[in-house]
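Peer 1: The listed protein sequences derive, respectively, from chains A and B. Mind the numbering: the first sequence is residues 1 to 155 in the numbering used here, read in order. Mind the numbering: the second sequence is residues 1 to 657 in the numbering used here, read in order.
The set of hints was computed from the structure by calculation and includes no laboratory data. Note that this is a predicted model, so its numbers are computed, not measured.
To give an idea of the chain A side of the interface with chain B (calculated C-beta under 10 angstroms), a few residues:
1. Met10
2. Leu11
3. Phe17
4. Gly18
5. Val19
6. Val21
7. Asn33
8. Leu35
9. Tyr36
10. Tyr38
11. Ile92
12. Pro94
Restraint-style ranges between C-beta atoms, simulated for each label pair:
13. A:Asn110 to B:His538: 33 to 43 angstroms
14. B:Asp396 to A:Asn110: 18 to 28 angstroms
15. A:Phe17 to B:Gln448: 29 to 39 angstroms
16. A:Thr108 to B:Pro159: 39 to 49 angstroms
17. A:Thr108 to B:Val117: 57 to 67 angstroms
The beta-carbon is built from N, C-alpha and C at its ideal position, and this holds for glycine as well.
If you want the building blocks of each chain, they are given just below.
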Amino acid sequence: MSTKRGRRKMLVILVLFGVAVATVLGLSAFEENLLYFYSPTQVKAGEAPKTRAFRVGGLVVKGSVVRASDTLNVQFVLTDNTESMPVSYSGILPDLFREGQGIVAMGTMNVAGQFVASEVLAKHDENYMPPEVAAALKATEDKAKQVGSANTNTL
Amino acid sequence: MISELGIPELGHFALIIAFAISILLSIVPLVGAARNDAAMIAVARPAALAQLLFVGLAYAALTQAFIVHNFSVLYVSQHSNLVQPLMYRISGVWGSHEGSLLLWSLILCIWTTAVAVYSRNLPDVMVARVLAVMGMISVGFLSFMLFTSNPFERIFPAPADGNALNPLLQDPGLAIHPPMLYMGYVGFSVAFAFAVAALMGGKLDATWARWSRPWTTIAWSFLTLGIGLGSWWAYNELGWGGWWFWDPVENASFMPWLVGTALIHSLASTEKRGVFKSWTVLLAILAFSLSLLGTFIVRSGVLVSVHAFATDPARGVFILIFLCLVVGGSLALYAWRAETVSSSGRFEWFSRETALLLNNVILLTAAVAVFVGTLYPLVLDAFALGKISVGRPYFDTMFALVSVPLLSLLGIGPFVRWKSDNPARVAKQLRLILVIALALGAVIPFVQNGSLSLATALGVAAAIWVALTTLFGFYLRWRSSSRMPLSFFGMTLAHLGIASFVIGVTFVMSYSTEKDLRMEPGSSYTMDNYEFVFLGTHQIQGPNYVADEGMIELRKDGKLIGELAPQKRVYTDQNNAMTEASIDDGLFRDLYAAMGESLGGGAWSLRLYYKPMIRWIWLGCILMTLGGVLAVSDRRYRQRVKHSLRAEPASPAVTSH
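Can you make the complete structure from the sequences, with help from the hints?
Peer 2: In structure tokens form, the structure reads like this:
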């Protein structure tokens with residue numbers, strides 16, 4: 001191994017080995033830890049996983065936030081303006097959580113079919129809309145427009 | 001006259017002049033180097049100084065606009081307002097995209113000038129090439145600013161008041177975090193420039209490694225400190241009690257750190273033994289490319305959404321072209337020239353060289369893991385293949401797996417001789433330490449909470465292993481030689497920093513306690529023998545906010561040991577609520593409280609944490625930084641040494657690297 005060619009070969013082998021290990025470990029750890037994003041419409045349609053954790057985003061429906069008086073349990077309704085779904089959470093909500101504001105919640109569906117959030121994210125300033133939420137809302141809007149134009153065509 | 005023309009216009013004008021100078025700097029010295037024209041080569045140094053002067057003027061002009069509330073400048077009106085304290089008006093300069101580009105350019109000019117001034121020992125041709133390469137980077141940044149992101153753009157009519165800086169950013173830790181980080185990022189441009197210059201000149205010898213080593217190490221030190229500050233800020237300010245979130249913004253700074261760490265070790269091999277030359281060059285290119293990528297993905301808005309590119313295509317396209325030119329150009333040059341580079345040193349499989357090579361492989365594996373986890377969601381999103389995010393467990397798992405071989409190796413590497421060594425000899429030296437480390441790793445977690453966890457035991461054992469081997473190596477070196485080089489002190493400190501970091505991370509991850517709960521005035525909660533007594537809240541008035549401040553007494557064994565005063569602030573200027581956590585810190589534990597919401601009747605939701613040994617994480621970062629600074633202070637970097645590889649003495653058992 002003391003020759004130049006030998007060393008270079010060793011280097012290449014080591015690097016390849018490292019990359020191979022990284023890829024194998026990475027892919028297995030990766031698949032488990034990918035969190036997919038769904039809109040309330042997709043959740044209603046049953047597209048979201050039943051047991052795995054996923055993320056859901058939308059606007060917090062005004063007047064829907066209900067707090068328990070003696071615990072930190074909170075319930076609210078999330079909407080993408082097409083469908084809405086109830087979310088329950090236990091803990092402290094972020095500073096920027098407000099009714100009418102876009103948020104992203106991470107969690108799983110429970111046996112009763114309700115979404116239980118383990119984490120609620122509301123970021124940046126009051127004008128900020130999580131990109132996924134913005135896209136979900138836009139999809140709703142586009143659909144509404146399509147329906148609207150289809151209606152005018154039939155008239 | 002000046003008042004009519006306006007200081008912002010002068011700043012803009014200074015930027016244009018700096019741009020012209022940077023073009024000059026990136027062309028003339030290179031032509032001079034190619035033609036061996038001394039007059040043209042001599043342009044490099046003064047041009048570097050002039051560039052600094054004009055970018056400095058532009059920077060001063062923008063700072064002045066912030067200080068005097070010149071809201072007719074769009075950027076100022078977007079990121080400061082009348083009630084913002086002076087300190088955050090000054091730091092507001094780098095609060096967003098345009099200004100942080102200006103800071104980046106300024107720091108690049110500072111590094112360029114530093115190279116120009118502290119390179120008297122270097123051949124003028126080499127200096128000319130290095131400065132020219134740095135000039136090219138400067139051309140990229142200055143044109144980016146001038147053509148797509150002018151910080152001096154005016155708004156008419158000027159608003160009476162501006163939009164405040166995000167209250168989260170109004171914190172001393174974050175105010176100095178970006179400049180430190182940029183010092184690191186941009187500092188890698190020096191190593192990059194040295195590598196590219198060496199490729200251009202076709203002379204990649206050990207001297208080249210010796211020249212770029214101190215620059216790389218000091219840049220790495222800044223980056224380490226910058227990342228540490230960012231982590232400390234997140235812990236203090238975000239109210240989630242965490243010190244690292246695997247957030248893409250954090251990962252963007254961590255990737256260059258990993259590659260930079262590999263680079264300083266690889267440079268050691270190249271300088272000492274003349275091996276891995278082309279590999280080292282590649283790392284230098286990679287470290288800087290990742291720094292550029294980090295700057296751009298954080299500041300361009302691409303992390304918020306890849307579609308940020310679509311809303312401002314000019315910036316997106318510019319960034320892509322610039323990255324392609326830098327990465328592609330340097331790699332093409334590398335492919336073309338690396339053939340001519342041959343490594344002279346020879347070594348056996350069990351040698352310091354192999355140890356350092358393994359170090360590089362592991363660190364690069366870690367960097368690839370972070371890269372994939374950070375960029376994969378962006379790529380998927382860009383091609384509309386779904387919206388995903390990569391969870392924290394992925395990164396935690398990857399790092400746990402990478403740490404075991406890396407930390408094992410860290411203990412062994414410094415004991416292995418250059419060129420060739422006998423594994424049995426090293427094993428004999430270290431076996432006692434290994435036994436002690438494993439034993440303590442098993443015992444300490446058991447004593448701590450009466451249970452055994454493999455991860456905790458491994459973490460404790462690894463930290464003790466690293467600390468003891470490092471101290472033992474230091475002792476051997478101290479006993480065997482009368483003169484201890486500062487660089488060896490540096491290495492020792494940095495490696496002890498790793499040990500401190502590992503023990504901190506292990507304890508925080510294994511023994512932290514957190515609790516969200518509802519507290520009424522007078523109620524208390526006990527966590528790990530510490531009693532948090534909530535006394536209620538009172539209102540306080542800050543400079544630009546009002547706050548509900550909670551009063552919490554901390555008791556241990558019934559004795560008052562401290563008080564916490566977490567706040568829930570509402571910034572009056574933008575009606576944003578913000579949580580200001582309160583922390584009772586200690587070397588062995590932090591007690592942490594953050595306010596949730598008022599639940600009526602004086603009751604509040606509160607988040608309480610007990611964080612054992614979390615300070616050791618940042619202590620580790622400080623030790624690593626100091627280690628880097630000490631290594632650079634070594635006098636051999638300031639001497640004009642005629643260095644010959646062949647004259648390298650037979651290595652003692654422990655040598656610095």
